[in-house]
Amino acid sequence: MAPLRFSANVSWLFPELPGLPARLRAAGSSGFEAAEVAWPYAEPPEALARAAQEAGLQLVLINTPPGDREKGEMGLGAVPGRQAAFREGLEQAVLYAKALGCPRIHLLAGRVPRGADRAAVRGEMETVFLENLRHAAGVLAQENLVGLLEPINTRITDPQYFLDSPQQAAAILQKVGRPNLQLQMDIFHWQIMDGNLTGNIREFLPIVGHVQVAQVPGRGDPGSPGELNFSYLFQLLEDEGYNGFVGCEYQPQGDTVEGLSWLRSYWDRRGRSQAGQ
Numbered sequence: 001m002a003p004l005r006f007s008a009n010v011s012w013l014f015p016e017l018p019g020l021p022a023r024l025r026a027a028g029s030s031g032f033e034a035a036e037v038a039w040p041y042a043e044p045p046e047a048l049a050r051a052a053q054e055a056g057l058q059l060v061l062i063n064t065p066p067g068d069r070e071k072g073e074m075g076l077g078a079v080p081g082r083q084a085a086f087r088e089g090l091e092q093a094v095l096y097a098k099a100l101g102c103p104r105i106h107l108l109a110g111r112v113p114r115g116a117d118r119a120a121v122r123g124e125m126e127t128v129f130l131e132n133l134r135h136a137a138g139v140l141a142q143e144n145l146v147g148l149l150e151p152i153n154t155r156i157t158d159p160q161y162f163l164d165s166p167q168q169a170a171a172i173l174q175k176v177g178r179p180n181l182q183l184q185m186d187i188f189h190w191q192i193m194d195g196n197l198t199g200n201i202r203e204f205l206p207i208v209g210h211v212q213v214a215q216v217p218g219r220g221d222p223g224s225p226g227e228l229n230f231s232y233l234f235q236l237l238e239d240e241g242y243n244g245f246v247g248c249e250y251q252p253q254g255d256t257v258e259g260l261s262w263l264r265s266y267w268d269r270r271g272r273s274q275a276g277q
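If you count by this note's numbering, then the sequence shown holds residues 1 to 277, one letter each, in order.
Keep in mind that the hints were calculated from the coordinates and are not lab data.
Treat the hints with care, as some may be off.
Using C-beta positions, here's what the derived DEER-type ranges look like [said to hold, decoys possible]:
#1 V139 <-> K175: 36 to 42 angstroms
#2 A141 <-> D255: 41 to 47 angstroms
#3 D255 <-> E227: 22 to 28 angstroms
#4 A47 <-> A120: 43 to 49 angstroms
#5 A2 <-> G56: 17 to 23 angstroms
#6 A22 <-> R118: 39 to 45 angstroms
#7 Q92 <-> R118: 26 to 32 angstroms
#8 N180 <-> A84: 21 to 27 angstroms
#9 A119 <-> V139: 17 to 23 angstroms
#10 K175 <-> D117: 21 to 27 angstroms
#11 A2 <-> A84: 29 to 35 angstroms
#12 D239 <-> R178: 24 to 30 angstroms
Each residue gets a CB set at the ideal place from its N, CA and C atoms; glycine is no exception.
Using the sequences plus the hints, can you model the full thing?
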């Protein structure tokens, strides 16, 4: 089995550094060959592309814009009445993805509107999401890009988020039926919502286009204390033939580079050389 490939989520890692270009350089110096960023839109895409190239990094994932954060928005894909804004944000994400050479865009579903009952609006929100996803699939296909759906746990992280389980996301993907839309598996969220990681990974991995990791419950690095045995989970992903990227989307406890000892141990075990080490 081929060793896993890891990407540094520079929206989370290297928080001691002041901007995305500096964080990209730090990721390259730490041995990463790939990076991902939640929202790159505060920086000119050319500056980010140049920083990634200089760091020897491939950018592998960005998100669609979140919408109006001051009004509590966290993505617009399933939000009724915000279809036009979702499509504008998608166009912006595509422009950045093309400039950055980034093949994947996470299509944020968004939150249940404030004051609304989740069960009461579920059907309407799914209808909106399906409509927007069909549109997005067509736009992305023209640029040879992949769209991803990520369930986010509603028990701890975001109680109002619409898409919160792999089962819900897989059902929506099946209804849309477009090959360039896939599932984003964040093991942190999946463990909190459903557990049963071995079964769920085996069931859903065929439609997974990207994986992200963090320890549960504190969202620290995979080497920190917590519920998850990442040696087992990494071996499971290898055994199941996963060949995409594993995004490091966690909160560093102290210095980011020192906290990468878990990853250096994995690389040593799998015989991978480490740039900058």
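39 to 45 angstroms was suggested as the range; check whether the CB atoms of A22 and R118 agree with it. This hint holds: roughly 40 angstroms between Cβ atoms.
Please test the hint of 17 to 23 angstroms on the beta carbon pair from A119 and V139. Hint violated: Cβ distance 31 angstroms, outside 17 to 23 angstroms.
Quick one: are D239 and R178 within 24 to 30 angstroms, going by C-beta? Distance hint for D239, R178 holds at roughly 29 angstroms.
Could you see if the CB distance from D255 to E227 stays within 22 to 28 angstroms? 24 angstroms, holds
Do the beta carbons of V139 and K175 sit within 36 to 42 angstroms of each other? 18 angstroms, violated
For Q92 and R118, compare the CB-CB distance with the range 26 to 32 angstroms and indicate the outcome. Since Q92 and R118 have Cβ atoms about 29 angstroms apart, the given range 26 to 32 angstroms holds.
Taking 41 to 47 angstroms as the stated bounds, is the beta-carbon spacing between A141 and D255 within them? 42 angstroms, holds
Can the suggested window of 17 to 23 angstroms be confirmed for the beta-carbon pair A2 and G56? 20 angstroms, holds
Do the Cβ positions of A47 and A120 conform to the proposed distance bound of 43 to 49 angstroms? 45 angstroms, holds
Go ahead and decide if the range 21 to 27 angstroms is satisfied by the Cβ distance of K175 to D117. This hint holds: roughly 23 angstroms between Cβ atoms.
CB-CB spacing for A84 and N180 relative to the 21 to 27 angstroms hint: 22 angstroms, holds
Determine whether the Cβ-Cβ distance between A2 and A84 falls within the hinted range of 29 to 35 angstroms. For A84 against A2, whose Cβ atoms are near 43 angstroms apart, the range 29 to 35 angstroms is violated.
Figure legend: structure checked against the earlier numbered hints; hints not met, in rising order: 1, 9 and 11.
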